[in-house]
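Asks: Sequences are here, hints too, so could you generate the full structure?
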Amino acid sequence: MFNGMFFGIVSLAILIFAAFFGYVAFLVKRSKDE
159 MFNGMFFGIV SLAILIFAAF FGYVAFLVKR SKDE
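All the letters of the sequence shown, read from the start, carry residue numbers 159 to 192 under my numbering.
Keep in mind the hints are simulated off the structure, nothing from the lab.
Computed from a predicted model, the values in this text were never measured in an experiment.
Virtual Cβ for every residue (Gly too), placed ideally from N, Cα, C.
Please note: incorrect hints may appear among the correct ones.
Said to hold, decoys possible - Restraint-style ranges between C-beta atoms, simulated for each label pair:
#1 V186 to G166: 23 to 33 Å
#2 F165 to K187: 27 to 37 Å
#3 E192 to N161: 39 to 49 Å
#4 E192 to M163: 37 to 47 Å
#5 D191 to F160: 45 to 55 Å
#6 G162 to E192: 42 to 52 Å
#7 L185 to F165: 47 to 57 Å
#8 G166 to K187: 26 to 36 Å
#9 F184 to M163: 23 to 33 Å
#10 F160 to E192: 40 to 50 Å
#11 F160 to V182: 43 to 53 Å
#12 K190 to F160: 37 to 47 Å
#13 R188 to V168: 43 to 53 Å
#14 M163 to V186: 46 to 56 Å
Replies: Okay, here's the thing in structure tokens:
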């Protein structure tokens, strides 16, 4: 049970990090286009 919960937390953290990285990359790309 604990192992499954830990895996869920890690998966959620990776998902949030990926979304944040994608958002930053989008802002950088947009600022370079202007």
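Asks: Is 46 to 56 Å a correct range for the gap between the Cβ atoms of M163 and V186?
Replies: With a Cβ separation near 35 Å, M163 and V186 fall outside 46 to 56 Å, so the hint is violated.
Asks: Per the hint of 42 to 52 Å, is the separation of the Cβ atoms of G162 and E192 within bounds?
Replies: holds, 46 Å
Asks: Taking 40 to 50 Å as the hint, is the beta-carbon distance of F160 and E192 inside that range?
Replies: Since the Cβ atoms of F160 and E192 sit about 49 Å apart, the hinted range of 40 to 50 Å holds.
Asks: Cβ-Cβ distance between K190 and F160: within 37 to 47 Å?
Replies: holds, 45 Å
Asks: Given a hint of 23 to 33 Å, does the C-beta separation of F184 and M163 actually sit inside it?
Replies: holds, 32 Å
Asks: Indicate whether the distance between the beta carbons of F165 and K187 respects the range 27 to 37 Å.
Replies: Hint holds: Cβ distance 33 Å, inside 27 to 37 Å.
Asks: G166 and K187, beta-carbon distance inside 26 to 36 Å?
Replies: holds, 32 Å
Asks: So the hint says 43 to 53 Å: do the beta-carbon atoms of R188 and V168 match that?
Replies: violated, 31 Å
Asks: Between the beta carbons of D191 and F160, is the distance compatible with 45 to 55 Å?
Replies: This hint holds: roughly 47 Å between Cβ atoms.
Asks: Between the beta carbons of L185 and F165, is the distance compatible with 47 to 57 Å?
Replies: The hint (47 to 57 Å, Cβ to Cβ) is violated, given that L185 and F165 are roughly 31 Å apart.
Asks: Do the Cβ positions of E192 and N161 conform to the proposed distance bound of 39 to 49 Å?
Replies: holds, 48 Å
Asks: State, for the Cβ atoms of F160 and V182, whether the hinted interval 43 to 53 Å holds or is violated.
Replies: violated, 33 Å
Comparing the model with each earlier hint shows violations of hints 7, 11, 13, 14; every other hint is respected.
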